[in-house]
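S.K.: Below, each chain spelled out in residue letters.
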Amino acid sequence: MSDRLERLFYAGRALPPDTARVEFGFETRLLARLRTESVPWCGDVWKLLPVFAAIVIILGAWNYVSEPLDLSAMLSGGATGELLANALGGGVQ
Amino acid sequence: MEPSDVHLIQSTLAGDDGAFAMLVARHRRRVFRLAGRFTRNDHELDDVCQEIFIKVYRHLGTYRADAPFEHWLARVAVRACYDLLRRRRRPEEPLLDIDLASEDNLAPAQAKELLDWALAQLPAEDQLVITLLELEEQPVCAIAELTGWSESKVKVRAFRARHRLKCILETTHE
Numbered sequence: 376m377s378d379r380l381e382r383l384f385y386a387g388r389a390l391p392p393d394t395a396r397v398e399f400g401f402e403t404r405l406l407a408r409l410r411t412e413s414v415p416w417c418g419d420v421w422k423l424l425p426v427f428a429a430i431v432i433i434l435g436a437w438n439y440v441s442e443p444l445d446l447s448a449m450l451s452g453g454a455t456g457e458l459l460a461n462a463l464g465g466g467v468q
Numbered sequence: 004m005e006p007s008d009v010h011l012i013q014s015t016l017a018g019d020d021g022a023f024a025m026l027v028a029r030h031r032r033r034v035f036r037l038a039g040r041f042t043r044n045d046h047e048l049d050d051v052c053q054e055i056f057i058k059v060y061r062h063l064g065t066y067r068a069d070a071p072f073e074h075w076l077a078r079v080a081v082r083a084c085y086d087l088l089r090r091r092r093r094p095e096e097p098l099l100d101i102d103l104a105s106e107d108n109l110a111p112a113q114a115k116e117l118l119d120w121a122l123a124q125l126p127a128e129d130q131l132v133i134t135l136l137e138l139e140e141q142p143v144c145a146i147a148e149l150t151g152w153s154e155s156k157v158k159v160r161a162f163r164a165r166h167r168l169k170c171i172l173e174t175t176h177e
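Line by line, the protein sequences are chains A and B. 376 is the number of the first residue of the first sequence in my numbering; add one for each residue after it. 4 is the number of the first residue of the second sequence in my numbering; add one for each residue after it.
Worth flagging that the hints you see were computed from the coordinates, not collected in a lab. No residue lacks a Cβ here, since even glycine has one placed at the ideal position from N, Cα and C. Treat each hint with caution, since some may be false.
Not everything, but these chain B residues come out facing chain A in the computed CB check (under 10 Å) [as the list claims (entries may be wrong)]:
{"#": "1", "residue": "40"}
{"#": "2", "residue": "46"}
{"#": "3", "residue": "64"}
{"#": "4", "residue": "66"}
{"#": "5", "residue": "112"}
Short, incomplete list of chain A residues facing chain B, as computed with Cβ under 7 Å [said to hold, decoys possible]:
{"#": "6", "residue": "383"}
{"#": "7", "residue": "384"}
{"#": "8", "residue": "386"}
{"#": "9", "residue": "388"}
{"#": "10", "residue": "389"}
{"#": "11", "residue": "390"}
{"#": "12", "residue": "392"}
{"#": "13", "residue": "396"}
{"#": "14", "residue": "397"}
{"#": "15", "residue": "398"}
{"#": "16", "residue": "400"}
{"#": "17", "residue": "402"}
{"#": "18", "residue": "406"}
{"#": "19", "residue": "411"}
{"#": "20", "residue": "423"}
Straight-line distance between alpha carbons at most 20 Å, and here's what the computed EDC-like set of lysine to aspartate or glutamate pairs gives [to be verified]:
{"#": "21", "chain 1": "B", "residue 1": "156", "chain 2": "B", "residue 2": "128"}
{"#": "22", "chain 1": "B", "residue 1": "158", "chain 2": "B", "residue 2": "139"}
{"#": "23", "chain 1": "B", "residue 1": "158", "chain 2": "B", "residue 2": "148"}
{"#": "24", "chain 1": "B", "residue 1": "158", "chain 2": "A", "residue 2": "381"}
{"#": "25", "chain 1": "B", "residue 1": "156", "chain 2": "B", "residue 2": "139"}
{"#": "26", "chain 1": "B", "residue 1": "58", "chain 2": "A", "residue 2": "412"}
{"#": "27", "chain 1": "B", "residue 1": "158", "chain 2": "B", "residue 2": "116"}
{"#": "28", "chain 1": "B", "residue 1": "169", "chain 2": "B", "residue 2": "129"}
{"#": "29", "chain 1": "B", "residue 1": "58", "chain 2": "B", "residue 2": "129"}
{"#": "30", "chain 1": "B", "residue 1": "169", "chain 2": "A", "residue 2": "378"}
{"#": "31", "chain 1": "B", "residue 1": "58", "chain 2": "B", "residue 2": "20"}
{"#": "32", "chain 1": "B", "residue 1": "58", "chain 2": "A", "residue 2": "378"}
{"#": "33", "chain 1": "B", "residue 1": "169", "chain 2": "A", "residue 2": "381"}
{"#": "34", "chain 1": "B", "residue 1": "58", "chain 2": "A", "residue 2": "381"}
Take the sequences, apply the hints, and build the full model.
M.R.: Given below as structure tokens:
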């Protein structure tokens, strides 16, 4: 059996893999791939998806529980002048 | 006069991709030859070689010039090939149409086909050690350095792998 194995190993050594086809143009393909992968953060953006989702949920919840701004009530309540001054003065009185 | 590996590495680190292309062209034959021992087709070979050189490109800053670049590159290549073998599922395809009764008279291509098939039945570590030891004819100390294993582990692995290979071939022969 050892002889048999040795014969197979000999055949394996005598016939190295033919890689010429794949070697052709290899540097060009490699550099092109390196250029496309040269922005490392692009590939990792999806990992931030849970963070973005959490932010959206928190903002949604906050918007839901907080008291909505009632512009019509403010206007009818005589706060028109204050609103106009804020708009014209950039919020500085 | 051709620039040295160290010079090309420094130029690459300074942002010169052309220098890296020269470095790849200089060493790719050896990497392809080694990776070609572990891959099944051209597509897989191209993939694993790109993976090896991309790792080299990204970690070039960690290379210390106290040992030849090709040794460092060979370690990266062996690690990538080992990862490929571990990821790969064992083949389910039967042995191709080879008449094992007349195995003594097998043509070299058929003998290699039989060896490739038998090797593919082994675990990743066994495939790696047999390929490096018997096909690439690397000494035990070099395999230990390439794999990061101790020399005794390489010897024990090689012994067990040969035994398994013999069992596989005996079973096939029956």
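S.K.: Work down the list of hints and note, for each, if the structure agrees.
M.R.: Right, here's what the structure says about each hint:
1. 40: Holds. Min distance 6 Å.
2. 46: Check passed: Cβ of residue 46 (chain B) comes within 9 Å of chain A, closer than 10 Å.
3. 64: 14 Å, violated
4. 66: 17 Å, violated
5. 112: Cβ of residue 112 (chain B) sits 7 Å from chain A, so the hint holds.
6. 383: 4 Å, holds
7. 384: 4 Å, holds
8. 386: Constraint on residue 386 (chain A) satisfied, holds at 4 Å.
9. 388: Constraint on residue 388 (chain A) satisfied, holds at 6 Å.
10. 389: Hint holds; residue 389 (chain A) Cβ to chain B Cβ min 6 Å, cut 7 Å.
11. 390: 5 Å, holds
12. 392: This interface hint holds because 3 Å falls under the 7 Å limit.
13. 396: 6 Å, holds
14. 397: Result: holds, 5 Å to nearest chain B Cβ.
15. 398: 6 Å, holds
16. 400: 10 Å, violated
17. 402: 4 Å, holds
18. 406: For residue 406 (chain A), the interface hint holds, since the closest Cβ of chain B sits about 6 Å away, which is under 7 Å.
19. 411: Violated: closest Cβ of chain B sits about 11 Å from residue 411 (chain A), beyond 7 Å.
20. 423: 22 Å, violated
21. B:156 with B:128: The hint holds at about 11 Å.
22. B:158 with B:139: Holds, at roughly 16 Å.
23. B:158 with B:148: 13 Å, holds
24. B:158 with A:381: 17 Å, holds
25. B:156 with B:139: 18 Å, holds
26. B:58 with A:412: 12 Å, holds
27. B:158 with B:116: Violated, because 26 Å separates the two Cα atoms, which is more than 20 Å.
28. B:169 with B:129: 13 Å, holds
29. B:58 with B:129: 24 Å, violated
30. B:169 with A:378: 11 Å, holds
31. B:58 with B:20: Within the cut-off at roughly 15 Å; holds.
32. B:58 with A:378: 40 Å, violated
33. B:169 with A:381: The given pair, whose Cα atoms are some 11 Å apart, holds under the 20 Å limit.
34. B:58 with A:381: 35 Å, violated
When the structure is compared with the earlier hints, violations turn up for hints 3, 4, 16, 19, 20, 27, 29, 32 and 34 and for no others.
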